[in-house]
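J.: Produce the entire structure from the sequences given, and follow the hints as far as they go.
Using the numbering used here, you'd call the opening residue of the sequence shown number 87 and step up by one each time.
In case anyone wonders, no lab produced these hints; they're calculated from the structure. It is possible that part of the hints are untrue.
Restraint ranges, calculated between C-beta atoms of paired labels, are given here [stated by the list, open to error]:
#1 Asp180 to Tyr130: 14 to 24 Å
#2 Ala118 to Val182: 35 to 45 Å
#3 Asp88 to Leu122: 21 to 31 Å
#4 Pro127 to Val182: 19 to 29 Å
#5 Leu103 to Pro124: 17 to 27 Å
#6 Ile176 to Asp156: 21 to 31 Å
#7 Asp180 to Pro124: 16 to 26 Å
#8 Gly146 to Leu122: 35 to 45 Å
#9 Phe91 to Val157: 30 to 40 Å
#10 Ala92 to Ala118: 23 to 33 Å
#11 Asp88 to Thr159: 17 to 27 Å
#12 Leu103 to Tyr130: 12 to 22 Å
#13 Thr119 to Asn154: 20 to 30 Å
#14 Phe91 to Thr159: 28 to 38 Å
By construction, the Cβ of each residue, glycine as well, lies at the ideal position given by its N, Cα and C atoms.
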Amino acid sequence: FDIAFAGPLLGLTTSFLALLYGLQLTTTVDPATAQLLPSIPVGYLTQSALGGTIVDLVLGGGDGILINQDVATQVPLHPVAVGGFFGLIIHALDLVPIGST
87 FDIAFAGPLL GLTTSFLALL YGLQLTTTVD PATAQLLPSI PVGYLTQSAL
137 GGTIVDLVLG GGDGILINQD VATQVPLHPV AVGGFFGLII HALDLVPIGS
187 T
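T.: In structure tokens, the structure reads:
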């Protein structure tokens, strides 16, 4: 077991939990406030298979409703979900062993 793996793993876990919590907050927002939420294009959501599938499961019911839309379609997400999604991508890239021996 490599102790250097602990930092990125903890960051990945924290980002995953933030994404789930933010998606839960997104589903509980009233329609007037939902118009003020930041919107992410479906094209960005589908760049991460894990993140896009989680967003589709929570918001779309898992039927591929969000993933099969046009790439320019905007999906409103709570700011915590946006931070968790991009944190998931950043920490996944952090685990790629480029430049290490």
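J.: Evaluate each hint against the coordinates.
T.: Hints, verified against the model:
For aspartate 180 and tyrosine 130, the Cβ-Cβ distance of about 19 Å falls inside the hinted range of 14 to 24 Å, so the restraint holds. With their beta carbons about 42 Å apart, alanine 118 and valine 182 fall inside the hinted range of 35 to 45 Å. Restraint check, aspartate 88 to leucine 122: a C-beta distance of roughly 44 Å breaks the suggested window 21 to 31 Å. For proline 127 and valine 182, the hinted distance range of 19 to 29 Å is satisfied, since their beta carbons lie about 24 Å from each other.
Between leucine 103 and proline 124 the beta carbons are some 20 Å apart, a value that agrees with the proposed interval 17 to 27 Å. The beta-carbon spacing between isoleucine 176 and aspartate 156, approximately 26 Å, falls within the hinted interval of 21 to 31 Å. At about 24 Å, the CB distance of aspartate 180 to proline 124 agrees with the hint of 16 to 26 Å. Between glycine 146 and leucine 122 the CB atoms are about 21 Å apart, so this pair departs from the stated range of 35 to 45 Å.
A hinted range of 30 to 40 Å holds for the C-beta pair phenylalanine 91 and valine 157, which are about 34 Å apart. Distance hint for alanine 92 and alanine 118: a CB-CB separation of about 43 Å, inconsistent with the stated range 23 to 33 Å. For aspartate 88 and threonine 159, the Cβ-Cβ distance of about 41 Å falls outside the hinted range of 17 to 27 Å, so the restraint is violated. Roughly 20 Å separates the CB atoms of leucine 103 and tyrosine 130, a value that falls within the hinted 12 to 22 Å.
For the pair threonine 119 and asparagine 154, the beta carbons lie near 27 Å from each other, so the given range of 20 to 30 Å is met. The given range of 28 to 38 Å is respected by phenylalanine 91 and threonine 159, whose C-beta atoms sit roughly 37 Å from each other.
This entry does not satisfy hints 3, 8, 10, 11, going by the numbered hints stated previously.
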